[in-house]
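Student: Spelled out, the chains give:
Protein chains: 2
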Amino acid sequence: MQPVVTHSDPIAPVVFGVALLLTAALAGRFAARKLGQPTVLGELLMGVLLGNVLYYAGYDLMVILREGPKCAEMVWLALSGHGWGEAAVMVLGGDAGMAFIEIISRPGGSQYLQVSQAVDIFSRYGVIFLLFHVGLDTCVAELRQVGMNSLRVAVIGVLAPFALGLIVGWILTPGASHTQHLFLAATLGATSIGITARVLRDLRQTRAPEARIILGAAVMDDVLGLVMLAIVSGIVVTGSVSVTDTARTILLASMFIGGALLLGPHFLKFIIWVLRRLDVLEAKLFISFAFVMFLAWTANLAGLATIVGAFAAGLLMLDSQFRHWGDPHQHRYSIKELFAPIEAILVPIFFVLMGIQVKLEMFMDWQVIAMALALLAAAIAGKLISGLGLVGKGNRMAVGIGMLPRGEVGLVFASIGKTLNVIDAAMFSAVVLMVVVTTLATPPLLKLTLGQGTEDEETEAELTKRCQ
Amino acid sequence: MQPVVTHSDPIAPVVFGVALLLTAALAGRFAARKLGQPTVLGELLMGVLLGNVLYYAGYDLMVILREGPKCAEMVWLALSGHGWGEAAVMVLGGDAGMAFIEIISRPGGSQYLQVSQAVDIFSRYGVIFLLFHVGLDTCVAELRQVGMNSLRVAVIGVLAPFALGLIVGWILTPGASHTQHLFLAATLGATSIGITARVLRDLRQTRAPEARIILGAAVMDDVLGLVMLAIVSGIVVTGSVSVTDTARTILLASMFIGGALLLGPHFLKFIIWVLRRLDVLEAKLFISFAFVMFLAWTANLAGLATIVGAFAAGLLMLDSQFRHWGDPHQHRYSIKELFAPIEAILVPIFFVLMGIQVKLEMFMDWQVIAMALALLAAAIAGKLISGLGLVGKGNRMAVGIGMLPRGEVGLVFASIGKTLNVIDAAMFSAVVLMVVVTTLATPPLLKLTLGQGTEDEETEAELTKRCQ
Numbered sequence: 001m002q003p004v005v006t007h008s009d010p011i012a013p014v015v016f017g018v019a020l021l022l023t024a025a026l027a028g029r030f031a032a033r034k035l036g037q038p039t040v041l042g043e044l045l046m047g048v049l050l051g052n053v054l055y056y057a058g059y060d061l062m063v064i065l066r067e068g069p070k071c072a073e074m075v076w077l078a079l080s081g082h083g084w085g086e087a088a089v090m091v092l093g094g095d096a097g098m099a100f101i102e103i104i105s106r107p108g109g110s111q112y113l114q115v116s117q118a119v120d121i122f123s124r125y126g127v128i129f130l131l132f133h134v135g136l137d138t139c140v141a142e143l144r145q146v147g148m149n150s151l152r153v154a155v156i157g158v159l160a161p162f163a164l165g166l167i168v169g170w171i172l173t174p175g176a177s178h179t180q181h182l183f184l185a186a187t188l189g190a191t192s193i194g195i196t197a198r199v200l201r202d203l204r205q206t207r208a209p210e211a212r213i214i215l216g217a218a219v220m221d222d223v224l225g226l227v228m229l230a231i232v233s234g235i236v237v238t239g240s241v242s243v244t245d246t247a248r249t250i251l252l253a254s255m256f257i258g259g260a261l262l263l264g265p266h267f268l269k270f271i272i273w274v275l276r277r278l279d280v281l282e283a284k285l286f287i288s289f290a291f292v293m294f295l296a297w298t299a300n301l302a303g304l305a306t307i308v309g310a311f312a313a314g315l316l317m318l319d320s321q322f323r324h325w326g327d328p329h330q331h332r333y334s335i336k337e338l339f340a341p342i343e344a345i346l347v348p349i350f351f352v353l354m355g356i357q358v359k360l361e362m363f364m365d366w367q368v369i370a371m372a373l374a375l376l377a378a379a380i381a382g383k384l385i386s387g388l389g390l391v392g393k394g395n396r397m398a399v400g401i402g403m404l405p406r407g408e409v410g411l412v413f414a415s416i417g418k419t420l421n422v423i424d425a426a427m428f429s430a431v432v433l434m435v436v437v438t439t440l441a442t443p444p445l446l447k448l449t450l451g452q453g454t455e456d457e458e459t460e461a462e463l464t465k466r467c468q
Numbered sequence: 469m470q471p472v473v474t475h476s477d478p479i480a481p482v483v484f485g486v487a488l489l490l491t492a493a494l495a496g497r498f499a500a501r502k503l504g505q506p507t508v509l510g511e512l513l514m515g516v517l518l519g520n521v522l523y524y525a526g527y528d529l530m531v532i533l534r535e536g537p538k539c540a541e542m543v544w545l546a547l548s549g550h551g552w553g554e555a556a557v558m559v560l561g562g563d564a565g566m567a568f569i570e571i572i573s574r575p576g577g578s579q580y581l582q583v584s585q586a587v588d589i590f591s592r593y594g595v596i597f598l599l600f601h602v603g604l605d606t607c608v609a610e611l612r613q614v615g616m617n618s619l620r621v622a623v624i625g626v627l628a629p630f631a632l633g634l635i636v637g638w639i640l641t642p643g644a645s646h647t648q649h650l651f652l653a654a655t656l657g658a659t660s661i662g663i664t665a666r667v668l669r670d671l672r673q674t675r676a677p678e679a680r681i682i683l684g685a686a687v688m689d690d691v692l693g694l695v696m697l698a699i700v701s702g703i704v705v706t707g708s709v710s711v712t713d714t715a716r717t718i719l720l721a722s723m724f725i726g727g728a729l730l731l732g733p734h735f736l737k738f739i740i741w742v743l744r745r746l747d748v749l750e751a752k753l754f755i756s757f758a759f760v761m762f763l764a765w766t767a768n769l770a771g772l773a774t775i776v777g778a779f780a781a782g783l784l785m786l787d788s789q790f791r792h793w794g795d796p797h798q799h800r801y802s803i804k805e806l807f808a809p810i811e812a813i814l815v816p817i818f819f820v821l822m823g824i825q826v827k828l829e830m831f832m833d834w835q836v837i838a839m840a841l842a843l844l845a846a847a848i849a850g851k852l853i854s855g856l857g858l859v860g861k862g863n864r865m866a867v868g869i870g871m872l873p874r875g876e877v878g879l880v881f882a883s884i885g886k887t888l889n890v891i892d893a894a895m896f897s898a899v900v901l902m903v904v905v906t907t908l909a910t911p912p913l914l915k916l917t918l919g920q921g922t923e924d925e926e927t928e929a930e931l932t933k934r935c936q
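Chains as they are written, first to last, in my numbering: chain A, 1 to 468; chain B, 469 to 936.
Bound conformation, chain A alone (with noise of 0.2 Å):
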């Protein structure tokens, strides 16, 4: 019985890389809230700079992250009995896969898979905690109450970006399949209603007619997003654009989206019950951790994004479901509260790992500069376009730079086409570079057209009021 003896504790250089990578994100947050900017892109752009300072001066823990999904990828084909070599090079090509190779090899190398390995697992949670949280701020009541104005806006908002976006993609990389094309033209049809609330909260304009139909619009859009990222993933693995698949797809997402609303609330309800003598902060955090992920799974099961299911799921938790339990004193933490420091330290992980992921020295070719500018073009003139479905009295121009900023959703969806291998490294820098020039952009221009309004900020009690 004689013990192999490992010599340091395997979780140490895992939780040295994570810590390094989450202090990135605050330098990044900071420097952002400084210049005045969302702290999203604070963190994306510290990832730009990291990634790519770092490789070049050869720090090898940059090798490995800034290959994101293909790196557990290779793992799970070496393990299958390929060979490292074989995986490597099937994987990420001669070059990459002989450099990667040799760091894995030298003595410690193994250390970078497992932090890698370590920052994916959270970063993809920090996703579904992200999407759980625009849920909650989503209020199904809302959505009913959207007017025609906002739901033309939405609609117009998703489906221009992607018409142009496809043309974009069949005239510039003639090369890519089908459902590459597809999957490129969707992710320009994101709006994250986060940066634009908070610019017009910036603004005292969110009562302004126009702000109403931003507002309501870009609701919207995340689901009409989400409905769109279903269908196209759904056609990117069943591979073909056979009309019967996409009617499957769409039949199970609606199944799933209709079952999750119709039966989520009872089972709620009932599982509520069951745990009513339990403490009800923890049985908060327990019942919403729980949901999240069963959902999550479950859309998964249906062939949908996981981040669908977190969304449902965000849209179906209340903290009024939780009224009639015990203490009121204890009820003082909202499940936003509860999810706050879990999210503080997951998302900037994803953010900061998409930034990593961008690979500048993909700009050092022609081709690629032109793609991304058309693809930029395309995702602005798109979301200008759905200004027009303003019909009557107000700002047209306004709605339509409103509707600009991707944000985290077009980075969700970029990462999701990573991970289904149909956003190459050209076309994700592309992304992400849109993504920066929108979110940039809008709050200067909002400021242009709409100007600075006069009104109070409606309190978090007004907005609990309205939603539940």
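Hint data in this document are derived by calculation from the structure and do not stem from the laboratory. All C-beta atoms in this analysis are idealised placements derived from N, C-alpha and C, irrespective of residue type, glycine included.
Restraint-style ranges between C-beta atoms, simulated for each label pair: (1) A/99 - B/714: 40 to 48 Å; (2) B/670 - A/265: 36 to 44 Å; (3) B/769 - A/202: 44 to 52 Å; (4) B/769 - A/155: 51 to 59 Å; (5) A/178 - B/566: 42 to 50 Å; (6) B/524 - A/269: 29 to 37 Å; (7) A/163 - B/501: 54 to 62 Å; (8) A/57 - B/501: 52 to 60 Å; (9) B/670 - A/336: 27 to 35 Å; (10) A/320 - B/675: 40 to 48 Å.
Pairs of lysine-lysine residues, derived as DSS-like cross-links and limited to a Cα-Cα distance of at most 27 Å, are as follows: (11) B/737 - B/804; (12) A/336 - B/804; (13) B/915 - B/861; (14) A/34 - A/336; (15) A/34 - A/447; (16) B/804 - B/502; (17) B/737 - A/34; (18) A/269 - B/502; (19) A/336 - A/269.
Chain B: place on chain A using the hints.
Tutor: Frame of chain A, contents of chain B only:
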């Protein structure tokens, strides 16, 4: 550029598996609370139940999870070019190795490995946050005020079980190495302050002289136990019981602890000053997180366990360090409150996983039963003897009983021993039995010897004041 299509999101099985474990933990907590037992026991025993029942029911995930850290070791061996078969036989031995290979070579089998890796990472983070929490609960000021009685009780309470454990190990497991005996003996020394403190609170006896001595001694025991762990794991890693190596370990450990205690507060002050422009909530969370991880990593560099660093971080972080910061209304979240949701998710995963790793079939062997019972006797006798450290008037028996529960700390030591390969499956199962019995026995015995008191509960405010 033909894409390789993966058919579903790799995170889906992971989130499902983790959520299932958490649900099991919740059920265990619920049952424990109904029976008036510490929740940690509920989680642990639910793990034992789940692990063994599902294992014998042929549930594949349990086959992998109950191997615990060995699984990760195997993956790395396989990745370093040994091939699965060879790696499995090297780490697990013939039969278990073959069963393992069979599972992961089925379609979808690699999902189980992914789940087990994620669970492993989460539970290790859980342990770090657990010890951070213990550190936060320990105040250095109070350590200085601990009386000679507490100090004597603490020292005897660590050394007596250690000596008895060594004897038991030498007699009953003659085949094991010296380092295995040392580590096994060291796991007997820990005292869980959490459980005793709760029982004393329930009995309204926290201000009885015996209670003060027990609590002081238990706090000292955390420190002494970690020092013991540092020395023993140093010996395990260097592989020899030489005086110079032990001296070097002690020197490094003292340098780390001295350095952390001396420089830590200044470092924190500086960082807090640098980041003073950030939102206090997020800064508190990020700084604490990064500080814990940094110290855990440094401790590992110094040849100590990562949890020693996490504990030191907990000692050094005080909410009062942030008091001059920003809006006083934002101060309502303490560091503990910020980490509570993260802990609530990660720590139960650790306990359930520990339970799953208890192989009940080990107790089919008379030799193992004899060893487990002898270990239990050593653990109880050693702590009861520690009551003799009380000089003067007082209930020595009550003090000894108060030192009995091992709770989480004993488990943490055992899990580190598993990672270091010096605690085998039989020893691990025996240690868990010891933890369960000592923790179960303490509350009724303490009630018998101390009786119900009448004092008021110490308020949170008083506790905080005492520690700043």
